[in-house]
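Q: If you want the building blocks of each chain, they are given just below.
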Amino acid sequence: MQFALTEDQAMLAQTATAFVAEHSPLTRIRALRDAGDELCYSPALFGQMAELGWTAIPFAEADGGLAMGLSEAIIVTEALGRGLCPEPVLSSIMGGAQALALAGTPAQKNTWLAPAIAGEKTIALAYQERGGRFSTAAEGTRAERSGSGYKLAGEKTIVLGGAGADVYVVSAQLADGLGLFLVPAGASGLTVTPQKLVDGRNAAVLALSDVQVGEDALVGTPGGGLELLDDVLDRATVALCGEMLGGMQVAFDMTLAYLKERKQFDVHIGSFQGLQHRAAKMYIEVELARSATMAAARAIDEQNPQAKALVSNAKARCSDAYILIANEAVQMHGGIGMTDEHDIGFFIKRARAAEMTYGDAAYHRDRFARLSGY
Amino acid sequence: MGDLEAFRADVRAWLEQNAPKSLQGQLGQESVYWGGRNPTTASPESKDFCEMCAEKGWTAPTWPKEYGGGGLGQAEERVLQQELARLRLPPPLTGFGLQMIGPTLLQFGTEAQKQEHLTKITRGEIRWCQGYSEPNAGSDLASLATAAVLEGDEYVLNGQKIWTSYGDVSDWMFVLVRTDPDVKKQKGITFLLIDMDQPGVEVRPIKLISGFSPFCETFFTNARAKTKDVISGVNQGWTVAKALLGHERTMIANVFGSAGGRGRSQGENPAVALAKRYVGTDETGQLKDRVLRDQVTRVTMDTLSFNQTVQRNADNIKAGHRPGPESSIFKVYGTELNQRREELMLALRGPQALGWEGPGFEPAELAQTRSWLRSRGNTIEGGTSEVQLNIIAKRVLELPEQ
Ligand SMILES: Cc1cc2nc3c(=O)[nH]c(=O)nc-3n(C[C@H](O)[C@H](O)[C@H](O)COP(=O)(O)OP(=O)(O)OC[C@H]3O[C@@H](n4cnc5c(N)ncnc54)[C@H](O)[C@@H]3O)c2cc1C
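As they're listed, the protein sequences go chains D and U. Under this note's numbering, residues 16 to 389 are what the first sequence spells out, in order. Under this note's numbering, residues 1135 to 1536 are what the second sequence spells out, in order.
Keep in mind that a hint or two might mislead.
[Stated by the list, open to error] Cross-link-like lysine-lysine pairs, in silico, PhoX-like; alpha carbons within 25 Å at most: (1) U/K1376 <-> D/K296; (2) U/K1452 <-> U/K1199; (3) U/K1528 <-> U/K1319; (4) D/K275 <-> D/K296; (5) U/K1528 <-> D/K275; (6) D/K296 <-> U/K1528; (7) U/K1362 <-> U/K1248; (8) U/K1528 <-> D/K278; (9) U/K1318 <-> U/K1376; (10) D/K296 <-> D/K364; (11) U/K1254 <-> U/K1319; (12) D/K211 <-> D/K364.
These are calculated hints, taken from the structure and not from any lab test. Keep in mind that this is a model prediction, so the values were computed, not measured.
Chain D extracted, bound-state conformation (with noise of 0.2 Å):
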């Protein structure tokens, strides 16, 4: 394992860094937000996003991708958190899609992932049940061979990306396992209601009344939905663990920034040793977190058999650490951290949307631990 960046990885940082600079500046998060549109994203940003190529980051050539990996894409999806962008790199090619790049025939592929790979279509991953937590088991959704294909009904919800998403991967129990099914947005039977999440971001309750797909809707086996589905999370969560470093980062940044210049008792508050040595452990904290998120990609480009133990140790890791450095950023602002003028309120509201996200610390621990044989 590498960590060094090469230069290519180097090149793709900075020119990620500087788009998002230039695209998107908190004032343009604020004012999606503030717009209460139902997208919560930029569909012609995330066009341009395309253009750049980082939709295309971790697929096959074959299937139209640049045959990059997650060491590459999670160097886009900082670049991406240090914005709050909130354009479905994550939720759709970083989720969905990634069902249909691992198991997907050449003809959903043709369907689904070309499109989605060209920032035209959005693939959502719906797995997650009220009441479930963090579980995959989908004990509510229920397939029923039906004809010649399923049946399938239950309810998903916070589906990432679901409001306005063009094909959803829908996980769903069958006689024999679990199976991941697509259900095209507009199936007769399904209905998308959006939901307003804490960080603004696109979620979406779906439920799912006896909505027929054909055959063709199966991703991979019946029956083989549980490891794909782990496997599709593993490459989502390492993306997103990219992105909380990236926004921990400005956030840490932020506050830096602030002590240097905000004055009490004729001082700079950054002279004082109490609020230094806390900030020397949020640094810790993120370096850390950065060396857990580069060797969890690099352990699922490498095909390392400590690939899924990595994944957690990264998750479990940038969750603490986004939460801490979100947390300490609002309490050394003082009062001004708590309005919502000020913009590091953005951050401490996503970092605790993505700590939930595919798992918080404590779901990834145990998982770690599973993974580890004790």
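With chain D fixed as given, assemble chain U with the ligand onto it according to the hints.
A: Leaving out everything else, chain U with the ligand in the frame of chain D:
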């Protein structure tokens, strides 16, 4: 076969052929050889092994050959370490000579000084100790007062050092002395090497809370050092002193990072093994106590991420980037992690970790009690955690002066 793999094959064959069988499986620190005029090691094979390896330049693999090193690159050094670990062999030699004064001499020493001291270090002939701290100069090291006055081609030393680790078993000391009391405190310090085998040097061991006496008070009464043993000029010692502290902190952090990392790569996580035995598992094989299970996981994950960060730093240096600011976190995080690891081990053993000596406890349990107590010093020695955090705040984060 690449050069590196050819090197690996050579090392492996040589070690299998030559490394004393009694040392194999002795990876733990107890069997490491520290060298010196009167070596304290328990096993005579340790000395043999050190001398054999010194012949090949493997006690200081990356040092230049003309000073007893191996002239090897970092990649080869890593292969050597991996091959030693494969046979669970201890490193052939350790000590403050190899880890602290050696690298400092390579950086600041004159040709004559390197010739005189380095080879003796690589052969394990001379053991070194560190004379920095004084009763009134700890974190504020630059306020040190031990005086050195020039007399002909000698300096005459008077004063006291404290917390001198292994002072009672060392041959030479690298010592910070005050050569000019009338300037800003950092500007009047000289970095000297002194032979401790002389009447003017008296060493008294101090007993630690762990019951052991690895460190001492050192008294100088008209002790003598040679002017040729001044490193980098009179009153220029502070720069040298700080560079050496960098080596010391890297060493301390490496010990604690790799302690966990080595355990993992060599098989079962030691905390998990201990937990299975002392805490037990349920029918699914999971640790019965969910809280302790989570604590094991936290320490294991933190060790993993720490080692990943050490590797990231090494990879960045190898790729030609300057050591990143991330290296400043190793001392503070590595030592605090080691303390948490020791506390976890106590928690897992439960009341069996309370033994001091005598019946009712296994040797490993008794050792655990002591090593936990010893670990409390990790965040004090080599610059306290608070001082490290000050350094990060000031140098890395560039926060305003307190
Ligand atoms: C096991 C062990 C081995 C050692 N070996 C050696 C050796 O071989 N050679 C040698 O020279 N020395 C050695 N030392 C000494 C060590 O370097 C000093 O103990 C250390 O630098 C702290 O100095 P002090 O003990 O005087 O504590 P003090 O400096 O008095 O510190 C007391 C407390 O005050 C805090 N403090 C001090 N200044 C600040 C500040 N500016 N901001 C915030 N907090 C502060 C410290 O962090 C600490 O918690 C060893 C120490 C130990 C424990």
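Q: Verify the proposed pairing of U/K1528 with D/K278, using a straight-line Cα cut of 25 Å.
A: holds (18 Å)
Q: Given the hint that U/K1318 pairs with U/K1376, does the C-alpha gap stay at or below 25 Å?
A: holds (16 Å)
Q: With a cut-off of 25 Å on the C-alpha distance, tell me whether U/K1362 and U/K1248 pass.
A: holds (12 Å)
Q: Starting from U/K1528, check that the Cα of D/K275 is at most 25 Å away, please.
A: Given pair U/K1528, D/K275 holds - Cα atoms ~12 Å apart, limit 25 Å.
Q: Could you grab the alpha-carbon distance between D/K275 and D/K296 and see if it respects the 25 Å cut-off?
A: holds (17 Å)
Q: U/K1254 and U/K1319: Cα distance at most 25 Å?
A: Measuring from Cα to Cα gives roughly 33 Å; hence the hint is violated.
Q: Hey, D/K211 versus D/K364, does the alpha-carbon distance stay inside 25 Å?
A: holds (13 Å)
Q: Below or equal to 25 Å on CA atoms is what counts here, so check D/K296 against U/K1528.
A: OK: D/K296 and U/K1528 at ~13 Å, within 25 Å.
Q: Decide if the proposed pair is consistent with the structure: U/K1376 and D/K296, CA atoms, cutoff 25 Å inclusive.
A: holds (23 Å)
Q: Do the alpha carbons of U/K1528 and U/K1319 lie within 25 Å of each other, as the hint requires?
A: holds (20 Å)
Q: Holds or violated: are the alpha carbons of U/K1452 and U/K1199 at most 25 Å from each other?
A: It holds: about 21 Å lies between the C-alpha atoms, which stays within 25 Å.
Q: Holds or violated: are the alpha carbons of D/K296 and D/K364 at most 25 Å from each other?
A: holds (21 Å)
Violation of the numbered hints given earlier is confined to hint 11; every other hint is satisfied by the structure.
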